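Residue numbers (our numbering), protein chains in the order written: chain A, 1 to 333; chain P, 1 to 213.
Derived by calculation from the structure, the hints in this document are not laboratory data. One should not assume that every hint holds.
Pairs of lysine-lysine, DSS-like flavour, derived with a Cα cap of 25 Å [unchecked claim]: (1) A/64 x P/175; (2) A/260 x A/231; (3) P/71 x P/175; (4) P/115 x A/64; (5) P/71 x A/45; (6) A/307 x A/162; (7) P/175 x P/186.
No experiment lies behind these values; they were computed from the predicted model shown.
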Amino acid sequence: MHTFEFIRPADTTTAITTAAQSKTAQQGADVRFMGGGTTLIDLMKLNVETPARILDINRLPLNKIEDTSDNGLRIGATVRNSDLAYHPRVQRDYSVLTQAILQGASAQIRNMATVGGNLLQRTRCVYFRDIAMPCNKREPGTGCPAITGHNRTLAILGTSEKCVATNPSDMCIALAALEATVQIQGTKGNRTVAFGEFHLLPGSTPHRETVLEPGDLITHITLPPPTSGSKHLYLKLRDRASYEFALASAAVVLSISNGKISRARLALGGVGTKPWRVPEAEAALVGKSANDATFRQAAEAALQGAKPQSENRFKIELAKRCLTHALRTAAAS
Amino acid sequence: MSEDDPQSCLPDPTRRKFLVTTGSSVAASLAASYVPAFANSTEPTNDSASDVATTPYIEGAIPITLRINGKDHALRIDPRTTLLDCIRETVALTGTKKGCDHGQCGACTVHVNGKRVLSCLNLALMHDGNEITTIEGLGTPESMHPMQAAFVACDGYQCGYCTSGQIMSAVALLKEPCGPDDAAVKELMSGNICRCGAYANIVAAIQQVRKGA
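This is chain A alone, in the form it adopts within the complex (with noise of 0.2 Å):
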């Protein structure tokens, strides 16, 4: 691990003023936020991540969760994921957030990693984490070894030819099936971004994975107010049984009157190279009976654009079934 200054600034102006000197955005940066140090310690003793500065934010007034005047919830950036996870109102109004937390990691990592630190968490991708390899997200213009390599827990969503990883957070797919926001405080002041315009598509830049700039922290995630009745679930497929990233998954958030489907709600995890929602099966699902064709052709809509690496053909199937089987199980609860 390099060696780097450690600095626990006094409040949130003086950390934003202090990671404003960074010369590029936060992940990869040289002046770099500490949450709960889960996947920035972990790439740091790879030697992935090399910040000559850590700012611990854990002592920052961002650690509640309060309720918003609209019944919606405000989420402090340095919550721990479990306290959302077992919050009475997460368990109550938002449990497709708790269940996709509670199916992430494990209860040690939960306890130590933080809500804002969750958004900026980074791939899995073996070539990423090794710095021995070309990288375009790591080392832009190196290439990309995965695309002819071993690829087969990485992305058939929203890739480019300079990289197809994936994004590996459970909890952001159920915040992007919750419309989640996220508040943001910079250098020019205080701006909401909507959750799916936080993430970008790696594109030409893959080491660009947010709209975040220099100095930029997270400050909270706001929940809308929940829809009364709507049936939440996540369901998650991986190689082994737990503490495992996603192979698929999906975040479901569905209504149904008179057995007809009146709102949805969808995300796609373990197969995007961001959080995936999928407007357009959402569009395939209003209006109709909810039943197994429906929920189908919902998954046929939403993997319609995939595109396979040479050894992840089995996710798009393994996606659909995965949403089905979510629609299915979510509509029968």
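Using the hints provided, position chain P relative to the given structure of chain A.
Structure of chain P alone, referenced to chain A:
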């Protein structure tokens, strides 16, 4: 059996003391620039807040006080030091194990403010003011924590390397939302890998404590 036990007819050096003694002579012979704190002849854990004197000087080291098992340790550490390395190498509490060092095995599990965390993915500097508990703070061979006793009774290990992490995890699990059945225990224990495969007995030990509690 305690080494101070007058009934003992043979000296009973612990494995740790044996390794420390041989390790320190090897280190001396190599004239290593890094001298572990525990190379001193006295056990640093016995004297309250006396560890500053025994922490070797390292350029760029930062002073910090860590509260481990109810005792304050005033230390000087390199900012890169993980909580795990600090506990093992600086404070010389070697019950906490280093397995993968990347958050994939759970061997390094300790409690911070009563919650289980992986000490390998934490910087020690992040923990001033926190209450850290390691396996040494849980019980002693003479007075074991009920979970330690259950692991012994149920034979919840083979080689023992993952055991302190398993027990720290299991003790924390007692205070977490966990369904009554074995499947729920297995799910919440999935972050602790046992390569010997003692899982069935580990689950049995945990369920024994939960049912007795």
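Each hint tested on the structure:
no.: 1; hint: A/64 x P/175; verdict: holds, 21 Å
no.: 2; hint: A/260 x A/231; verdict: holds, 13 Å
no.: 3; hint: P/71 x P/175; verdict: holds, 23 Å
no.: 4; hint: P/115 x A/64; verdict: holds, 18 Å
no.: 5; hint: P/71 x A/45; verdict: violated, 29 Å
no.: 6; hint: A/307 x A/162; verdict: holds, 14 Å
no.: 7; hint: P/175 x P/186; verdict: holds, 15 Å
The earlier numbered hint that this structure contradicts is number 5, and it is the only one.
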